[in-house]
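K.L.:
Chains as they are written, first to last, in my numbering: chain L, 1 to 617; chain R, 618 to 742.
No lab work stands behind these hints: they were computed from the structure. Be careful, since some hints might not be right.
Said to hold, decoys possible - Subject to a maximum C-alpha distance of 20 Å in a straight line, what follows is the list of computed EDC-like cross-link-like pairs (lysine to aspartate or glutamate):
{"#": "1", "chain 1": "L", "residue 1": "Lys243", "chain 2": "R", "residue 2": "Glu725"}
{"#": "2", "chain 1": "L", "residue 1": "Lys249", "chain 2": "L", "residue 2": "Glu283"}
{"#": "3", "chain 1": "L", "residue 1": "Lys260", "chain 2": "L", "residue 2": "Asp217"}
{"#": "4", "chain 1": "L", "residue 1": "Lys243", "chain 2": "R", "residue 2": "Glu728"}
{"#": "5", "chain 1": "L", "residue 1": "Lys243", "chain 2": "R", "residue 2": "Glu723"}
{"#": "6", "chain 1": "L", "residue 1": "Lys243", "chain 2": "R", "residue 2": "Asp731"}
{"#": "7", "chain 1": "L", "residue 1": "Lys249", "chain 2": "L", "residue 2": "Glu294"}
{"#": "8", "chain 1": "L", "residue 1": "Lys167", "chain 2": "L", "residue 2": "Glu283"}
{"#": "9", "chain 1": "L", "residue 1": "Lys243", "chain 2": "R", "residue 2": "Glu732"}
{"#": "10", "chain 1": "L", "residue 1": "Lys249", "chain 2": "L", "residue 2": "Glu199"}
{"#": "11", "chain 1": "L", "residue 1": "Lys249", "chain 2": "L", "residue 2": "Glu238"}
{"#": "12", "chain 1": "L", "residue 1": "Lys39", "chain 2": "L", "residue 2": "Glu57"}
{"#": "13", "chain 1": "R", "residue 1": "Lys638", "chain 2": "R", "residue 2": "Glu725"}
{"#": "14", "chain 1": "R", "residue 1": "Lys719", "chain 2": "L", "residue 2": "Glu238"}
{"#": "15", "chain 1": "R", "residue 1": "Lys719", "chain 2": "R", "residue 2": "Asp625"}
{"#": "16", "chain 1": "L", "residue 1": "Lys38", "chain 2": "L", "residue 2": "Glu57"}
{"#": "17", "chain 1": "L", "residue 1": "Lys249", "chain 2": "L", "residue 2": "Glu210"}
{"#": "18", "chain 1": "L", "residue 1": "Lys167", "chain 2": "L", "residue 2": "Glu189"}
{"#": "19", "chain 1": "R", "residue 1": "Lys638", "chain 2": "R", "residue 2": "Glu723"}
{"#": "20", "chain 1": "L", "residue 1": "Lys243", "chain 2": "R", "residue 2": "Asp707"}
{"#": "21", "chain 1": "L", "residue 1": "Lys249", "chain 2": "L", "residue 2": "Glu290"}
To be verified - Counterexamples of contact, computed for chain R against chain L with all Cβ distances above 10 Å:
{"#": "22", "residue": "Arg635"}
{"#": "23", "residue": "Ser636"}
{"#": "24", "residue": "Gly640"}
{"#": "25", "residue": "Arg647"}
{"#": "26", "residue": "Asp650"}
{"#": "27", "residue": "Ser692"}
{"#": "28", "residue": "Arg738"}
Computed from a predicted structure; not experimentally measured. By construction, the Cβ of each residue, glycine as well, lies at the ideal position given by its N, Cα and C atoms.
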Amino acid sequence: MAEYSNLRAEFLTRISTGSTLAELPGHEASLEMSDRTKKAGDFFHSHPEVPGLLLTENGRFRSVLSRRFYHDAVGRYHGMDIYHPRPLRFLMSRLEELGGALALPGHLSIEEAVRRGLERPRELVYEPLAVHLSPGESPGAEMRLIDFEDLLAADSRVTLLRSGQMKQILSTVREGLLLIDREHRIGLEYAISAEAILEVRGLAGRTLPEVLAARLDPERVQLATEYLDMLFDPRVIESLITKINPLLKVEARFEPGRTKTLAFRFVRGIEGGTIRHVLVRIEDMTREEEMARELEAHRRRGEQSLELAVNLIQADPTAVVGLLDRVGSQLERTGELLGPHAAAPAAFDALLRDLHGAKGEASLLGFSPLAREIHQIEDALAGVRRGEPDPGSARSGAAARITSTAALLSMARSVLEQLARLGRVVRGGETGSGEAQTLPATLERFVSGLAAELGKPARFLWRLDGVTIPERQAPVVHEALVQLARNSLVHGVEAPEVRRLRGKPAVATLQVAAKPRRAAGAIELVFQDDGGGLDLAALRARAEQMGQATGSDDELRRLIFLPGFSTAARATLHAGRGMGLDLLRDRIESVGGRIAVHSEPGRFCAFQIVLPLEAQP
Amino acid sequence: MRLLVVDDSLVVRNAIARSVKSGAIREVLRAEDGRQAVALFQEHLPELVTMDLTMPNLDGLAAIAQIRAIDPQTSILVISALNSHRIALDAIQRGACGFLTKPFTEREVSEALDELVLHARARTS
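Produce the entire structure from the sequences given, and follow the hints as far as they go.
P.N.:
Okay, here's the thing in structure tokens:
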């Protein structure tokens, strides 16, 4: 008998939450139903620890006789006289009337066996039960008798293990798990992270809406309350309302002035066909939200840098680096002008001219994002210079533009660096492609791009006749030609339908012819379009408006090189700010050259540029 | 089972009817406003209803209430472009079983109708 209690103690130490009925130790002693009841009495007397006997009929399991049931029967008045001489079948007929013995398959879980045992009539609840150790009820099938109290002890052990495991899960799980009942009350066991996420201590027994009230606005809490009611309503289909969960993503308030993005998901817990509770899964999505925003910003920057790379890959790197440096210092000057000390209007004008020049270069290099940025800085600066009604906002607008332009510059520098690395690999150290050599291709690309953008088809012709543009003058030729080509396409060249009416080919021609002037140590470049020519009437009107003397047509034409003289009503990205040609003249004169204009209304406009072969300081 | 599709847009009615994949739905009835829906419901007593909310004559919320008054067992799915928690909750409190927002894919409607059929079966068995 000591052997059995050892077995039981040993089993209780190795029991697990997955243990089955068959693993429980039990008793195998059996009697035939035809045996006299006295035999059972003798057995119980000599085996005081055994709770009952298996009863068989021709070796086949029939019933269970418990010590308790035996004593209950024979303990009655004359009980021993009545039962002892008779076969066990006679005694057992009483048990059959009450519902018979319980026999369960060995694979049942301990919890399920307890549930089935407790479903028995009151008088039989503590009766031992029989367990089939092998499937089927064939004769000789192995059976075992199990004390119901042993089963209860095992069950309480399993429950302890389970709640220990549950506690461990609930203390480590990242999600804030909790259960709420029909009254929205939070259950005793919940994940500790629920407290951390909601920053509330002691959730058990409080209602979820009451906890949420401190974190969300009242309207949201009201919606949540009604939503919870809905989840407990069996009429409502759970899977068809998840989309209208008002707490799927909410901004929750925390002291002092912090917010978190929280996600609440709800799952019905159904037991025996009714909704007993709802499992609430709370997640802190703040990091994920931030990351999603960062990713989006990253993606946008990636797109921009790809656009940059595509543009820069075709441009001359030295020209681009020079431009980036110049724009960088212009940004610094812009920052100084926007500072606390009032700047002179002249300083604004000088900066605006330089920015305008840089914008032209950026367009020329196919670096349109930079051209757009500079254009916006020009707008913002012009606003500050005019003294817009709200100078503060104009200044901060300009400051914001400086920041975004600076970001673009640094992105362009890094793209260039990568391209340079790539270029070394691709070209394998090929040398010598100066700005002068790349000039024709760059200009052609610029003209065709702008022509397409303006809807004015145009071709660009070079007639250099063997003249090479000196490398030292290449930058100024660059700037001059892009400025003239832009002006020509925007203002000079007519729309295709107008050209057709005037009997001109729909595709306009812009051309550059070069002549050496060796005697003078110079070269001459003539840029000519076949557009509408200068509008002398408009020039005269503008001159009168500005108080300029208007004499001959030649004098009128020369006015276009004056600062601030523009006939275009609206400034666009491409031309019309009235700072282009005066800037160009200054630039050409600064290297010792000169520029002149010729035009015939309705037929053409031409610019003659003479540059010394050697640039002068 | 029979399904009553209520929506004032012909395109939406057709799209929902096209999404019926469940073999359990043997007949599809169509109504273009709430009043027509209630009349058709009274006549045929379909087990399943999909209901739009903004419609001329009788709106969806009122139609749901009237249909529930005729037969409290009917399974009603709201399919609406109104995407507000308040409206969805109102519709369900009046007796709808679920809420689907437009625009929807045929697959979404088809799966929702499968759920609705299961739900209706569970309620009538």
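K.L.:
State for each hint whether it applies.
P.N.:
Verification of the supplied hints:
For the suggested pair L:Lys243 and R:Glu725, the alpha carbons sit about 12 Å apart, so the restraint of at most 20 Å is met. Proposed proximity of L:Lys249 and L:Glu283 is supported: the alpha carbons are some 9 Å apart, at most 20 Å. Proposed proximity of L:Lys260 and L:Asp217 is supported: the alpha carbons are some 14 Å apart, at most 20 Å. A C-alpha spacing of about 14 Å is found between L:Lys243 and R:Glu728, which places the hinted pair at or below 20 Å, so the restraint holds.
Of the supplied pair hints, the one linking L:Lys243 and R:Glu723 holds, its CA atoms being roughly 17 Å apart against a limit of 20 Å. Using a Cα cut-off of 20 Å, the hinted pair L:Lys243 and R:Asp731 holds, with the two alpha carbons roughly 17 Å apart. Using a Cα cut-off of 20 Å, the hinted pair L:Lys249 and L:Glu294 holds, with the two alpha carbons roughly 18 Å apart. Between L:Lys167 and L:Glu283, the direct Cα distance comes to roughly 19 Å. Compliance with the 20 Å bound is thereby established for this hinted pair.
Between L:Lys243 and R:Glu732, the direct Cα distance comes to roughly 15 Å. Compliance with the 20 Å bound is thereby established for this hinted pair. For the proposed pair L:Lys249 and L:Glu199, the alpha carbon gap of about 17 Å is at most 20 Å, so the pair holds. Of the pairs offered as hints, the one joining L:Lys249 and L:Glu238 holds, with about 18 Å between alpha carbons and a cut-off of 20 Å not exceeded. Between L:Lys39 and L:Glu57, the direct Cα distance comes to roughly 15 Å. Compliance with the 20 Å bound is thereby established for this hinted pair.
A distance of roughly 11 Å separates the Cα atoms of R:Lys638 and R:Glu725; the hinted pair therefore holds under the 20 Å criterion. Note on R:Lys719 and L:Glu238: the hinted pairing holds, with a Cα-Cα distance of about 19 Å set against a maximum of 20 Å. The hinted pair formed by R:Lys719 and R:Asp625 meets the criterion: a straight-line CA distance of about 13 Å does not exceed 20 Å. For the given pair, L:Lys38 sits about 17 Å from L:Glu57 by alpha-carbon distance, which is consistent with the 20 Å threshold.
For the hint linking L:Lys249 to L:Glu210, the alpha-carbon distance of about 19 Å falls within 20 Å, and the restraint holds. Simply put, L:Lys167 and L:Glu189 have alpha-carbon atoms about 8 Å apart, close enough for the 20 Å limit, and the pair holds. At most 20 Å may separate the alpha-carbon atoms for a hinted pair to count; R:Lys638 and R:Glu723 meet this at roughly 10 Å. At roughly 15 Å between alpha-carbon atoms, L:Lys243 and R:Asp707 fall within 20 Å of each other, so this suggested pair holds.
The hinted pair formed by L:Lys249 and L:Glu290 meets the criterion: a straight-line CA distance of about 14 Å does not exceed 20 Å. With a cut of 10 Å on Cβ distances, R:Arg635 stays outside the contact zone with chain L, its closest approach being about 19 Å. With 10 Å as the threshold on Cβ separation, the claim that R:Ser636 sits away from chain L holds: the shortest Cβ distance comes to roughly 14 Å. Once the 10 Å rule is applied to beta carbons, R:Gly640 is consistent with being away from chain L; the minimum gap is 20 Å.
In this structure R:Arg647 is separated from chain L by more than 10 Å, as the shortest Cβ-Cβ distance comes to about 21 Å. No Cβ of chain L approaches the Cβ of R:Asp650 within 10 Å, the least distance being about 24 Å, so the stated non-interface status holds. A cut-off of 10 Å between C-beta atoms contradicts the statement that R:Ser692 is not in contact with chain L; the least separation is 8 Å. Distance to chain L confirms R:Arg738 as a non-interface residue, since its nearest Cβ pair spans about 12 Å, more than 10 Å.
Checked against the numbered hints listed earlier, the structure breaks hint 27 alone; every other hint is satisfied.
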